[in-house]
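Visitor: Taken in sequence, the protein lines are chains A, F, W, L, S and X. Per numbering that gives the first Met the number 0, the first sequence starts with residue 0, numbered consecutively. Per numbering that gives the first Met the number 0, the second sequence starts with residue 0, numbered consecutively. Per numbering that gives the first Met the number 0, the third sequence starts with residue 0, numbered consecutively. Per numbering that gives the first Met the number 0, the fourth sequence starts with residue 0, numbered consecutively. Per numbering that gives the first Met the number 0, the fifth sequence starts with residue 0, numbered consecutively. Per numbering that gives the first Met the number 0, the sixth sequence starts with residue 0, numbered consecutively.
Treat the hints with care, since some could be wrong.
When chains are identical, the list treats them as one kind, so a pair holds in a single copy or across two.
To be verified - DSS-like, lysine-lysine: derived pairs with alpha carbons at most 25 Å apart:
no., residue 1, residue 2
1, 247, 69
2, 19, 247
3, 19, 7
4, 98, 69
5, 98, 19
6, 293, 247
7, 7, 247
8, 98, 255
9, 258, 19
FYI, nobody ran anything at the bench for these hints, they're computed from the structure.
Protein chains: 6
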Amino acid sequence: MDRVNNLKQALPYIRRHRGKTFVIKLGGRVFEERHALLALAEDITLLHNVGIKVIVVHGGGPQMNELARKLGVPQQVVGGRRVTNDETLDLAKMLFRGKLNVEIVSALREFGTLAVGLSGGDGGLVEATRRPVVQVQESDGSTQEVDFGHVGDVVSVNPHVLHTLTNAGFIPVVCSLASTLTGGILNVNADTIAERIAIAVGADKLFFLTDRSGLLEDAADLDSLVSYCDVADVERMLAAGVIAGGMKPKINAALKALKGGVPRIHVISAFQASSILLEVFTNEGSGTLIVNDKHEVQP
Amino acid sequence: MDRVNNLKQALPYIRRHRGKTFVIKLGGRVFEERHALLALAEDITLLHNVGIKVIVVHGGGPQMNELARKLGVPQQVVGGRRVTNDETLDLAKMLFRGKLNVEIVSALREFGTLAVGLSGGDGGLVEATRRPVVQVQESDGSTQEVDFGHVGDVVSVNPHVLHTLTNAGFIPVVCSLASTLTGGILNVNADTIAERIAIAVGADKLFFLTDRSGLLEDAADLDSLVSYCDVADVERMLAAGVIAGGMKPKINAALKALKGGVPRIHVISAFQASSILLEVFTNEGSGTLIVNDKHEVQP
Amino acid sequence: MDRVNNLKQALPYIRRHRGKTFVIKLGGRVFEERHALLALAEDITLLHNVGIKVIVVHGGGPQMNELARKLGVPQQVVGGRRVTNDETLDLAKMLFRGKLNVEIVSALREFGTLAVGLSGGDGGLVEATRRPVVQVQESDGSTQEVDFGHVGDVVSVNPHVLHTLTNAGFIPVVCSLASTLTGGILNVNADTIAERIAIAVGADKLFFLTDRSGLLEDAADLDSLVSYCDVADVERMLAAGVIAGGMKPKINAALKALKGGVPRIHVISAFQASSILLEVFTNEGSGTLIVNDKHEVQP
Amino acid sequence: MDRVNNLKQALPYIRRHRGKTFVIKLGGRVFEERHALLALAEDITLLHNVGIKVIVVHGGGPQMNELARKLGVPQQVVGGRRVTNDETLDLAKMLFRGKLNVEIVSALREFGTLAVGLSGGDGGLVEATRRPVVQVQESDGSTQEVDFGHVGDVVSVNPHVLHTLTNAGFIPVVCSLASTLTGGILNVNADTIAERIAIAVGADKLFFLTDRSGLLEDAADLDSLVSYCDVADVERMLAAGVIAGGMKPKINAALKALKGGVPRIHVISAFQASSILLEVFTNEGSGTLIVNDKHEVQP
Amino acid sequence: MDRVNNLKQALPYIRRHRGKTFVIKLGGRVFEERHALLALAEDITLLHNVGIKVIVVHGGGPQMNELARKLGVPQQVVGGRRVTNDETLDLAKMLFRGKLNVEIVSALREFGTLAVGLSGGDGGLVEATRRPVVQVQESDGSTQEVDFGHVGDVVSVNPHVLHTLTNAGFIPVVCSLASTLTGGILNVNADTIAERIAIAVGADKLFFLTDRSGLLEDAADLDSLVSYCDVADVERMLAAGVIAGGMKPKINAALKALKGGVPRIHVISAFQASSILLEVFTNEGSGTLIVNDKHEVQP
Amino acid sequence: MDRVNNLKQALPYIRRHRGKTFVIKLGGRVFEERHALLALAEDITLLHNVGIKVIVVHGGGPQMNELARKLGVPQQVVGGRRVTNDETLDLAKMLFRGKLNVEIVSALREFGTLAVGLSGGDGGLVEATRRPVVQVQESDGSTQEVDFGHVGDVVSVNPHVLHTLTNAGFIPVVCSLASTLTGGILNVNADTIAERIAIAVGADKLFFLTDRSGLLEDAADLDSLVSYCDVADVERMLAAGVIAGGMKPKINAALKALKGGVPRIHVISAFQASSILLEVFTNEGSGTLIVNDKHEVQP
């Protein structure tokens, strides 16, 4: 009876979201706990079954570090971006596309949901160009040229393969590799791919699943969660240095997605049980909802 | 959080029923309590929003008696079937099609669901022929000819208008009037219309909403509910006289629907809160489930 | 042979109208004569069978008065608009939706044409809001507040259910009830509904079937029929007081429909044999054709 | 008013034939009178506009004789079939496809109807093989080998191009040339092409327009018209020699079409005003209707 | 192996042209050599089979002269345009539509390709009006009125029948006759029809097959072929009188097509083996490619 | 000019194969030479561009051995089948799905062709069950239980995701991993997957690309190539022990595919330049064609 009452309380939310598209960016750490991945797969299956079109995007930074360490492949990171030589690119393909992507598809299958794993190179989905060599200033004031190797900047997203798959009832699961026009594979930031895909498909929501429960006013105080804010708030927090570390690129991607027409960005925990469902099916939510302007009625 | 947990427990049921068609026969008494009607509308809206195609069928016997009494139109009932002269047919149109049907459509609208009211005469949905004059044996042994007037026997159901409306996202709400090939309107038993429509559309479930919580082994003992039974059980109960009164025509319609290919019939309460949802989204259910053969694995 | 010659003379008219949409507003009195209703049904069937999409709209004022009188329900009319309390609303539903609407559908069925009866509350077709309380000036100079009760003003028309039905080969027959967003039923002027539907579906013609043969220059002289006029003519006639009584709201609706893009309004007799067909298939017509500007070539 | 009454009398016929396919075989002599051709084009336009799919088939024997005579090309006919050498085949192409076919398309255009002229070689419509050399017995008892040259026997009809055109709203007009699989053009009997096309498209009616008003019991008595008959009647008339001359191949084609599933064959006059329309829109008809078995209810 | 290597070299060209539309205007002289026509049919079949939509347009001037001479019908040409009296129009229909059009369709059939022959009068494809009487200045300075008779100027092209046929997999073959709105047939310049059709269907290439290998800088020097030029070049050549004779109307049509949005015009030989394929599948080409502006990157 | 002539010679082959489906199984060694992989991608692109639907299937045995050796993961092979423990399964995912599959998709992209990489676990494509523990007889006569671990036997193929992608213009590239109904990943023989997919999609041809040029009568004599044979021949060769080693499972898969309705199996070299194209576009071919019965006309 509780179940039925709760279903009925969920009804207005189901009605609001049916037929909409959600892009969900999984953070790398969710792969460390099979339990967390399965919980996510169940949540996504539920969204799928009440008529929401879901597209999953993922990277795999932490796993990459671990695999490189295990195999003795030294990794160099400059300005938060991994320098990707041939050997590292091979590892990225094998890890992102071969292992993590397959694990998400499998976890969804465990709940009876048919997904199709993709990289940005499949179906011409994400076109990128090699990042130009950049001048990086050293701490001693000298500058150094850095060639990031097989690192790409996104040029365009062609969502045809996504529409083809979602219209046929499949959930696309996209890993953070892109392709040049001539078939070269490039390592691309997963937050950026999620943002660009969300814009290209006209998503209604873009979720970033992170290690935190959302944006915090005070990084040291987990109770300082910001439930609801807008671009002005976020820019103020960025200026104040409240947003830092791995959250920063996510928030920058979020701002671009808002600008690109995605009306709602959700920053939530990858580990809190059912954080996505709480965010979608309750008013309170579980993390941070960012909109363009909180003083306007949201569409 | 409870809501979300309950949603997750409902997930296997949602997955099982998506895309299926349910026919729901409302008993006349549900119109007496606006509260009960709204509760039903909410339940139906939920089924609709998780992707189930719902078709509602209703009669209005009790309201008919009351209206006839208020307007001083004498009613004659022979063998459980209302003799329908011109004046009574006018009342039936006005009550079933004009008042009750509109009330169901309105109640669904209150939950944001778009329904379209129909009689069996709309879109050529239910074709009937006038019931022949019958010989009825009197208690004194004499026989009497009874002409039921504008009472019809169903000849065929053409579900085209139902598919047209459900495919366009509308819920059809059908009242128990039928049409002859030449446009005559006939009063037809609503249980029969529900059964014939369920067969014609290939429904997966046919619900009879009644004043009882389901079939009772002992009519005097409300705790003697039969949760699960099959045709053999029902025939045994009919032979034993356990099923009687208004339940009998429903059960006869149920048996015909089972024979016609509808795999599951549910006899449930029109008044118990969320009886439909309990029946659909929990294993325990709320009333009686009748299948062809309970020893076989159900499809 | 005459038949065939006449068919051939009708050919240019058939070619002109195939694939077009006509909205036909039936006046209440046509229900008083079964003969007249059947004649109309035959005419509509003919239009339907030469490829014209027909939508029928009807009210039922005269029948309402009679039914109220018979049942002893007092009726109050202010400024030509019926004050609609709960009891009167129930009568309206029963009469418009239950009796008259069913009769039109049946009459069409008699000619083999499948129609679907609708109220403005079905399929979200006509959304209305309750008319605000108004100040009415009495003859003695005092003012009085009038609450029209369940009387609605049309907010919008969503033609989706009409297109769904006409594309599937059904003729929609719409009675003059509308719905609020929350499922309330309101009594709405049928001329207004006809006008708004004609605009919403992009009708090519809107017919008003009336007790007169069309607009008369001199109300007392039935031979003073105006065959062809435009908005300027009509406004002149309104100013001169030539158009009065029940014709006035029809003409106001006609003017709004012309302004809303319906190129031709026909005011014709509901009782003259085949008045619609004469209007459609002959140059002389049978009543009054109103266009935006008779000096311009009509589209 | 007559027009409208006649339209109404035509209504049951329009309803019966909407959506059906008629194949109309024009006899060659209709081209001799522009007036007759235009009258036919008007009749066909009317059928087209009440929703009947029309396919026209024509030959051009009489015109062929005249053209050959004018150009001094000797013609040889054996057993009713023209021996077709290279020069005669060129004349056939120029006359049938170039002149007569264009004239029918133009006549239809004059009534606003868009037709597309075809030969059996267009779109792979009619595949034929060259007729084998045959032994013909001379009057003196000797036999002679006759090579008919570019005369074809129909192998198969592929109606794809006909469906493509009729579904797009065009009327196909087919002249009596066919193609071999390797592109050779052959002269084929137009009655046979009409019969084979009628079978291939599942036509409801096949019309032969002839110089007579239909089948006559007594060739000398124009009043001896047979209005309605069946295969048994026709076979009896053939045995009795009542059917002779150019009527014989038509009737043989008619019998094959009936056997191939075309339920009704009409033999009517090409010159009587509106003979097609009389046949379609009146019970009396104008010529001869042939069915499989007149004692059975016709489908 | 050569075949396979050459296929692979053709691959980039196949990829570039798949799904595009080519209009190919055949010059009249190609009909004089069955060998040349078959070679063209093979080339067109190849284009069709690698996924290019081909539309063929043809006239038949030289054959017309010959036929008229043979039949003793005097021909008058004023300013390059044939005066077309009734008798000449009949010849034009018989020759263009009856003989030449059928020959192209047959030649394509010989390679297994299904084509459908059309005139501009079929399916309302090309609407024309009769050319007005013009004043022509005589060499002696006097002027003379010339009535070209059944000669038409193109008013509009309705490509519906072309799209219908190409979408169904057929190749339309259009001869240079057009129709007035009332069914009159007019003789229209084939270069103009090709140009107007190319614009109407949004063709990517328009080919003119001529007796020369392309545009020549010096008409006397067959080696002075211009491989690649633009509108400015062509206008310079016209001004210099380099382009003359039958090439002039083609080039004027080419300029109009370029202006109308056809990006590439090819003037090539009708007789050089595989000139079309060389032009499409090699960089060198075989004749003259004309673009709007050779200094811009071509789309 | 050679190119064009060769294109024309290829035309009959192009016509024969347009719209057909080819399944191409790549052998693992083709990944060792980037040059060979690119050549294959070019060939596949050509097939794709002349309208053939291509599905690529691949394994990666040799690369697996090398990767395992490099990472020091011991590999056990029993009866030709790799025992797949957890660590080896991870390697298989990373290598097959992560590296090799991505390389094929990239190589195709280099020729402008959009492919989508899949494992049998994507979109529910290949369902498998874990291979049961088997008794293996040792050379000393003792038996040993072998648990192959994550090795699967194919239960069924659901081609929905393949049709979805090919209909949208993408080439599916499938690696040899399958999924259980509950999301477990299993290592499955690639020849078997190719065979089962070819049957499921109704392929017209199934290619096995191998290290040899085809089937050899005498393994030691590379000139003893069998160009054309049937099932009877193959069974004779199997009985005679002529077919051995890695060729044996391919041939067994080929026999099953033939039995399952795939009419033509091609065993060709992965390294001979353009072996696929030679096989498809020439009569001589390049390897071995196997049919059901070489004495029957092939469909």
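Visitor: Which hint numbers does the structure go against, in order from smallest to largest?
Guide: 1, 2, 5, 7, 8
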